[in-house]
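Chains A and B, in that order, give the protein sequences. Positions in the first sequence are counted from 1; adding 44 to them yields my numbering. Positions in the second sequence are counted from 1; adding 44 to them yields my numbering.
Among the hints, erroneous ones may be present.
Note: identical chains are not told apart, hence a pair may lie in one copy or across any two.
Claimed, not checked - Once the Cα atoms are required to be at most 30 Å apart in a straight line, the calculated DSSO-like pairs of lysine-lysine come out as:
id : residue 1 : residue 2
1  : 53        : 292
2  : 146       : 273
3  : 290       : 146
4  : 273       : 292
5  : 53        : 290
6  : 290       : 273
7  : 84        : 53
8  : 146       : 53
9  : 292       : 146
Everything labelled a hint here was simulated from the structure, so no lab data went into it.
Protein chains: 2
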Amino acid sequence: MNFTDKLHKAIERNTSLVCLGLDPDLELMPPDTDILSFNKSIVDATSDLVCAYKPNLAFYEALGLDGLTALMNTIEHIPEDVPIIGDAKRGDIGNTARLYAKALFETFGFDATTVNPYLGYDAVEPFLSYRDKGVFLLCRTSNPGASDFQSLPCSPSDASGQEPLFSVVARKARQWNQHGNVGLVVGATYPEELAQIRMSCPDMVLLVPGIGAQQGDLALAVRHGLDAKGEKTIFASSRQILYASKDKEFAQAARQAAEQLRTEINSLFNSAEP
Amino acid sequence: MNFTDKLHKAIERNTSLVCLGLDPDLELMPPDTDILSFNKSIVDATSDLVCAYKPNLAFYEALGLDGLTALMNTIEHIPEDVPIIGDAKRGDIGNTARLYAKALFETFGFDATTVNPYLGYDAVEPFLSYRDKGVFLLCRTSNPGASDFQSLPCSPSDASGQEPLFSVVARKARQWNQHGNVGLVVGATYPEELAQIRMSCPDMVLLVPGIGAQQGDLALAVRHGLDAKGEKTIFASSRQILYASKDKEFAQAARQAAEQLRTEINSLFNSAEP
Chain A
45 MNFTDKLHKA
55 IERNTSLVCL
65 GLDPDLELMP
75 PDTDILSFNK
85 SIVDATSDLV
95 CAYKPNLAFY
105 EALGLDGLTA
115 LMNTIEHIPE
125 DVPIIGDAKR
135 GDIGNTARLY
145 AKALFETFGF
155 DATTVNPYLG
165 YDAVEPFLSY
175 RDKGVFLLCR
185 TSNPGASDFQ
195 SLPCSPSDAS
205 GQEPLFSVVA
215 RKARQWNQHG
225 NVGLVVGATY
235 PEELAQIRMS
245 CPDMVLLVPG
255 IGAQQGDLAL
265 AVRHGLDAKG
275 EKTIFASSRQ
285 ILYASKDKEF
295 AQAARQAAEQ
305 LRTEINSLFN
315 SAEP
Chain B
45 MNFTDKLHKA
55 IERNTSLVCL
65 GLDPDLELMP
75 PDTDILSFNK
85 SIVDATSDLV
95 CAYKPNLAFY
105 EALGLDGLTA
115 LMNTIEHIPE
125 DVPIIGDAKR
135 GDIGNTARLY
145 AKALFETFGF
155 DATTVNPYLG
165 YDAVEPFLSY
175 RDKGVFLLCR
185 TSNPGASDFQ
195 SLPCSPSDAS
205 GQEPLFSVVA
215 RKARQWNQHG
225 NVGLVVGATY
235 PEELAQIRMS
245 CPDMVLLVPG
255 IGAQQGDLAL
265 AVRHGLDAKG
275 EKTIFASSRQ
285 ILYASKDKEF
295 AQAARQAAEQ
305 LRTEINSLFN
315 SAEP
């Protein structure tokens, strides 16, 4: 089954737009827990409450081969019907991008990944050519520095007037979306931009980080991000759920936090309907 | 010793501006060679002819844990006085960038790395804060798709008039270079842009890929890239040297190819002097 179908089935089955970031941080985890057991407990406690898992590779790479082994074993442990987005933000020239795509989609076996668009089409195409896999292009990221380049007013030759760089990226993403497997990363911390991007890409899946610890406004993000059917915007949360408690009941606490976020998003969505 | 000093010492000791990309490709390597023995033979045959090694992580990640183990063992094998640039092109928001920096500089132990600037300052700063390490920001990459975004005319608020995105990146890189450890990646395939960037960043180390297989014009790249002392532009080459021969004398052939490229660059530099 391709990524988009798998995602929509999980959204429907679990009535959830929560994408849980599996970002194990030794300093925040309960003491004496290794990251594989931590991840397994979290997955066991939440797999009926989320629409996807999203491990960020940095957390594993920082721990070297042990970390990457734990990542592979975590992927193995996640139920087949919950899609996994490898948050890797890779970007390299054609030949090399092909190897990154292979690493993420074949070696790790992710259902989708995040890709940095700065290098242009030939850096993105090798990912897109895996038609069953999802490709989330970084568009407007959730961090403060995002404005350094992403909101620069640009004058692309195929548009009249100026538009910010992130909006050129969104337009290119639409053009590149020949197989229907392109999505965009748009931070909840920039709700106006989120609204603009949703308007220009009504059918694209948006991956929205920045709620919770990063303090994006969830109500605004739901209002501005959601499409009519409520199945094309997923909200990434990590610390808020993973580290709801540091004691030995951490998995149960994570379950409660995931359930609460799910309910909150669903109520906001329902009350946003006309 | 910090990266820049180590690089300059290697340039001087080996009279070389050749940065050898260690990108093992099973299809191009001699048959029945594993990538660690291949890399070791290449390093043994070239370490007195190059100013740096540059493994691109994609080649290793595509092979999973075995590939990454081979990368770690390759790093171990490279002589202490030749700097190693981990070509990883990472880029993520502040907290996560910190983990990537840790992975590359501490876990792998690279002397320098390449970083994607799209996410802005807080994605770059965690790398810069390792003052002894080098940080090469992608500025104008060597691939055809580079123009999709990098040459868009932009109107930054702190400049009068328009300038292409890559040139805004170069300017920001100068501002961010508080510890003198920032360099830029500029493809030899865009010699005019290389000249422009060298003019705007006269003292910055430029890492120039795109000669050889990618067909950038070496003579133009040397003329436009070099600073007066000839120690601030290094030319990355990979396939042209690594795969000079596929038979059992491949290391000797690689040595010859590296020596030839070194001589070519040095002659071009000497004849470019006034």
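Hints and how they fare:
1. In this assembly of identical chains, residue 53 and residue 292 lie within 30 Å of each other by CA distance neither inside one copy nor across copies; the values are 32 Å within and 54 Å between.
2. Taking CA atoms no more than 30 Å apart as the test, residue 146 paired with residue 273 passes in neither setting, with 33 Å inside one copy and 42 Å between copies.
3. Only between protomers do residue 290 and residue 146 lie at most 30 Å apart by alpha-carbon distance; the minimum there is 24 Å, versus 36 Å within a single protomer.
4. For the identical chains of this complex, residue 273 and residue 292 are neighbours neither inside a copy (39 Å) nor across copies (62 Å), given an alpha-carbon limit of 30 Å.
5. Taking the shortest alpha-carbon separations for residue 53 and residue 290, neither the intra-copy value of 32 Å nor the inter-copy value of 49 Å comes in at or below 30 Å.
6. When the C-alpha separation of residue 290 and residue 273 is checked against a cutoff of 30 Å, the pair qualifies neither within a copy, at 37 Å, nor between copies, at 57 Å.
7. In this homomeric assembly, residue 84 and residue 53 come within 30 Å of each other (Cα to Cα) only inside a single copy, at 22 Å, whereas the closest approach across copies is 49 Å.
8. In this homomeric assembly, residue 146 and residue 53 come within 30 Å of each other (Cα to Cα) only inside a single copy, at 25 Å, whereas the closest approach across copies is 37 Å.
9. Taking the shortest Cα distances, residue 292 and residue 146 sit within 30 Å of each other only across copies (29 Å), while inside one copy they are farther apart (38 Å).
Of the numbered hints listed earlier, those contradicted by the structure are 1, 2, 4, 5, 6.
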